[in-house]
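J.: Sequence:
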Amino acid sequence: MIILPAIDLKGGQCVRLRKGDYATAHKVAEDAVGTAKEFLSAGARLIHMVDLDGAKSGSRANYDVVRRVIDQTSAAVELGGGIRSMEDLRFVLGLGVSRAVIGSAAVRNPHFVKEAVSIFGERIAVGIDARGGTVRTDGWMNDTGEDYIAFARKMAGYGVKTIIYTDIEKDGMLEGPNFTQLEALRQAVSCVIVASGGVSTLEDVRRLKALGIDEAIAGKAVYTGALDLAAAIREAE
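Each residue of the sequence shown is one higher than the last, beginning at -11 in my numbering.
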């Protein structure tokens, strides 16, 4: 298993949210480039970045920051937020992003996912964000009513190789992941599963690894010091 430290961007700044609520956004680091360098020094192999403005409005306001992180650190970066068309996708991959995450657009336009996977293969991931077991879209604001397991199976059927699963209730709460939902997802699909939301202790890392989860995103716990990133990476690997 590998650990992906997270950098969430809003207005060009590194922020964190609680349960996906934009009103709770608070700055957690001075500079994305410096933060990425610290993550790489701790042993990170892939950095998870989210364009929160893009997720909410489809803007590209934070792409310059993403480009600077890649250009100035040579980090492998996964990026999600606001990727809604092939034009968006090509632009993101043109920044040097290693893996692009399609979120809300995967719900509204499944053909987009099929086309993206047929062209870019494993560089495409689908983000499934859920609250109460149903899929949310548009920066987690809209409830589609679709079961997360059924949606994951649909995406796997389209050839998607990586699914990033976020339990919104756990995100930014430092209370541990939703192991029950992750276990059910692991049993339902053979994709690479990335756990997101609530990863905050080495015990969380051990339990995810025991469930057969392939990757885990660590955000708030790293910034608060609750989780030692280097130790978590060692534990995972």
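Be careful, since some hints might not be right.
Taking lysine-lysine pairs in the BS3-like style, the calculated list, with each CA pair at most 25 angstroms apart, reads [to be verified]:
no.	residue 1	residue 2
1	K102	K44
2	K102	K142
3	K25	K102
4	K197	K149
5	K25	K15
6	K44	K15
It is worth saying that the hints were derived from the structure and are not from the lab. Fair warning: this is a prediction, and the values are worked out from it, not measured in the lab.
J.: Please go over all the hints and tell whether each is borne out by the structure.
T.: Quick rundown of the hints versus the structure:
1. A C-alpha spacing of about 23 angstroms is found between K102 and K44, which places the hinted pair at or below 25 angstroms, so the restraint holds.
2. At roughly 11 angstroms between alpha-carbon atoms, K102 and K142 fall within 25 angstroms of each other, so this suggested pair holds.
3. Our distance criterion of 25 angstroms between C-alpha atoms is broken by K25 and K102, whose separation comes to about 34 angstroms.
4. Restraint check: the Cα-Cα separation between K197 and K149 comes to about 19 angstroms, which is no more than 25 angstroms; the hinted pair holds.
5. At most 25 angstroms may separate the alpha-carbon atoms for a hinted pair to count; K25 and K15 meet this at roughly 18 angstroms.
6. Annotation: proposed proximity of K44 to K15 holds, straight-line Cα distance about 18 angstroms (limit 25 angstroms).
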